[in-house]
Structure formats: C-alpha cells, structure tokens
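> The lines below spell out each chain.
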Amino acid sequence: MIGNALYEQTPEEDRLRIRAFLEGDRTAFDSIVLCHQDSVYNLCLRLMGDREDAADCAQEVFLRVFRSLKGFRFRSRFSTWLYAIVVNTCRNRLNSAEFRNRSRKVSIQSFFENSESREGHDVEDPAPTPLARLAQKERDRLVQAAINELPSEGRELVILRDMEELSYEEIVAVTGYNLGTVKSRLARARQQLREKLKGVM
Amino acid sequence: MNCDRVVENLSAYIDETLDSDGRTEVEEHLATCERCRLELQALRTCIEAVHSLERVPAPPGFLEKIRECTEQPSPWRRIVETLLLPWHVKLPLHLAGAVAMVFLILATTSLTRHGRDSLGPGQSPVSQTQDEVRPTGLPSTGNSGQEGASESLLPAEGRVEAESLGSQARPFQLVLLIPRKESLPREISAEREDKGASPSLRHRGESTAIPPLQAGPEPLQPRSAAPPHASGSPLPRAQLEKKLDRFRDDDHAGKFDTAPKPQQASPVVGVAQERGDLSPTQGDRGADKETGGVDPDTHDTLMRWITDAGGTLHSVDREKGKVLPSSILFSIPAEIYPDLLRELRFLGELSYNPSSLPPFREHGAVFVHIAFTTVD
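In the order they appear, the protein sequences are chains A and B. Number 200 marks the last residue of the first sequence (numbering that gives the first Met the number 0); no jumps. Number 375 marks the last residue of the second sequence (numbering that gives the first Met the number 0); no jumps.
Derived SDA-like pairs: lysine to any residue, alpha-carbon spacing no greater than 20 Å straight-line: (1) A:Lys182 - B:Thr16; (2) A:Lys197 - B:Gln40; (3) A:Lys197 - B:Leu37; (4) B:Lys64 - A:Asp37; (5) B:Lys64 - A:Asp24; (6) A:Lys136 - B:Val55.
Calculated directly from the structure, the hints in this document are not laboratory data.
The whole structure should be built from the sequences, with the hints applied where relevant.
Shown next as structure tokens:
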C-alpha cells in the first residue's frame, strides 16, 4: 500500500495535467507544482537534512521537470519519474565537491529549533500538548540527525521505504539499484540507524 | 539459524519479503531468543520513528519562484544575448558561457588579490572579522550545577548567527569535549599527572580519533570553585605555552619538535585577565592593533583561552604543509561553553551543524562539534 502524498495523485490526473502542459497550457505546470511541491520538498528535506538545501533541490527538481516533461512517455507513473528526479538531484548535490567540502554555516535557529518562529513554516501538529509536541520535535531532530549520518544510498533507501513507504520494485525504479542491492543495503542502513539511535529511542 | 543470521534477516522479516521457510526459521528462533526479540522490537521502533517524521510543507512562495525561473530565460543566456545583441554576433551558448567563465575567473582572481593587498600592516584579516561576525545572543551561563549544565548548554540552545567571511575564509574542524561530572578522558588525567613529560599534543597528517573516555580520578572544578581567569588552572600554563609555541612554529609543519622554546605572553589574553573579562570588547581590539593584529596568534589565543577557562588541550591535527590546523581537540567544563562561543567568535567564525555532526553522548560526556572558520 502506498501511503504517501505523491502516490495519492491518480495517474490519470497527472496525465491530464501533463498533456495540457504539452499542449501549451502554462497553468497546467503550475497545477503540477502545486500538487507535488510539498511532497517533493519534504523528500528533499529528509534526504538533504537542511531546509535551505531542500528548497534549492526542490526548485531544481521542478526546473528539470519543466525542461524534460516533453520527453515523458507515460511508460511509468509520473510520480515514480518525479521521485527518480528528486533522488538524482539530491544525490548529485550530496556528492558534489562543494557540498562535501564546505563548512556548513547553520544558524542555530535554522532547522531544528522552534519552527513556529519561522514565518510560513508552521505546520499543523496533532500533538495534544505542547510537551508532546516538543518531545516529537526532539525525536524528529534526533532521527534526522541519525539519518544524515547514513551513507547517501542508505539514506535514500531508508527514506523511500520507511518514510515514503515505496515498494521494493518502486525503489528499484527510482534509485536504479537492483533488487538484491536494495534489500541488502536497506537492511544494513536500518541496522546502522538502529545503532545510532540506540539509547535515544 | 543463529542470532547473527536472524539479525541479518530481520529487515526482510519486517517487510515480509522472506520466503515461507526463512520466515518460519526466524519465527522459531525468535520464540526462543529474547535478545533477538528485543532487536526486532528496536528495529521496528526505528522504522516507526522514520515513518512518523513530521511532513514539512514547501516554503511559502515556492510556486512563484518556480514561475520566475521557468518564465525567464537562464541568466547565462540573458547575459550572452545582452552582450552579443548589439554586434549581431551569434555564438553557441556553451562557447559563450566558457568565454564568460574565463572573464569571471580572471575578475575574481584580480579582486581577491586586490583585497589581500589592501590590508594594512596592522590590519589582520581576523581583525576584520571582528566587525563582520556579530553575536545575536548567547545562552546565559547561569549558576546551575555542572551535571545539569552539560544538558542545558548544548549548542542547540545557543544563538550563533554566523556570517560569511568571503573567499579568504578557511574552515577547520574544532572538536569540543564537554565532560560531565567526574568523567574525563584518560589522556587528560595522564597529562595532568605527567606534567613535565613530553606533551600529548599530537601532530600528524591525519585526523585524530576522539580518545576513549574513562572516569578520571580528578574531577573538573566547577567554574565557581576554579574561575577561568584564576591562576590555578588545572593544566599548568607553562606546559601549554610550550605546546603553543611549537604548534605555532611553521618550521615544525608535519612533525612536532619537543624542544622547549622561549615563551611570550599574549597581550590579548593579558589585557583580558587584568580586566577579569574575556569578552571581545573594544579594549581587546586595541590590544590586537598594538601587537600587529591577532592573526598570527589566533590559535595561540584560542588555546590560551581553553586553559584559562579551566579546559585541557588534547591534540592538534594539521594536514601536511598547512600552517593552520584541521582540528583541535580539547575539553572544557560544560558551563564554560557559552563563554567559549563568545570568545571564539572574536577570533573568527563559529558555526554549528547538528544535522551533519550532531552532538552525542558517550561514557557520560557530551561531545559537540563546532566548525571554526578563521582566515588564512
């Protein structure tokens, strides 16, 4: 079962929007962006571990989509194709020399602290009490920090499988790894994550 | 099936991708092995934690940004078209881009050189950064006990607003060890007992692993009991100065000479001690100018501060051929941490990236990684 927002879009809806865009309807592309922007941004955020990088990557993803949508042949689901672009974009960014070499200058307030103070980043939280909400944020912070320490392929697999709930076959299509590699690397990545979160969770 | 094999298969077991035989074997083993059952439970907890990560929506104005980018031609194309239009020249875009890049590199190189040349003899690049790097507020040191302090003074609760230092900035990694209670690395204890022996300051072309922590016999003094500016620093000042002189000497790049050198007191630290205040004030800056800038003594000053604050220097790593270190490993009492932030900002730029290097606990100590950017 696919529980993520991307896969809730029916292929037919995507198909109609894409066809309209290819026929010259510029607003159809806006519609595609609006439908997928949150999912794409959230996936970028979890893969990159930083809001600013996530926003850059998400923007690059949609620019790539804009440029290459003409070549989309409807042989796969649009969402799978979009996921593959997200993963590739983030992978390229993570592997870039610039990203690896730079000393990240992060405001303490930037990512984990008190997102309420960041205009426009408020998120509805079903947590019943402020304390529970705080605990959830702290847990998210620790989990994200542990994910960030995983090798990039392990990070991709854990997020695609455990956060986005993609099937193994979909992960193969998105990442380009073969099925055996996905299974073994996912198992290893989960073990690494479990080690990193030992004593925390 | 033994435990190792079962643990390897737990991920597939959770995803229900094992064949029926494999599944049966795992279940039979789990029925008899509590350790593997706990392992399975822990793995499920981790997966659930990833699954329940908050869904963060795209920032406001995201669509508008995409529109801007998709409606306008690329900046390169616009620049080239603007440049070439008056002459009615047609060039392939990639060739024009390459030409433009050459101009850009030349211009950047020229500007960088000009910037470096324009520094006066009494103006060090680090002095410049004093004005560029501004504190935006710090966690208060408070009077809490040392045990609680290491919790409450994690940098996640600090306020460090770092700003770019430009192309001259050169980052190196600074690793803090913040011991809690009596837990001290073995090296600290050994170093304190062996005051006259060769220092444990390591100097090599590879990164140093954080030394294993063991409960040391000598507890860290609370700040109230051993103020940082008091003469009774846990590590003898003379010993540290000896280390600093060697570290500073360029001739010793790549290897470390244990021969003692003449000592020089740092005027910067001296002024601060007389005032009993280590804050980076105008007075300190004046002292820097009198001594020709703080840049040559940046690391000296940093390490003096460490020992003055009751901390201990463990190691300095430097890549071969580089003057500045790639990392400095030291410990300070947790409650000194806010002061450290304040003091190091004076020397350069501090940044904290919990996403790539999160703080972690080990043997009762809290480790925090701080990136410190100074000027080459």
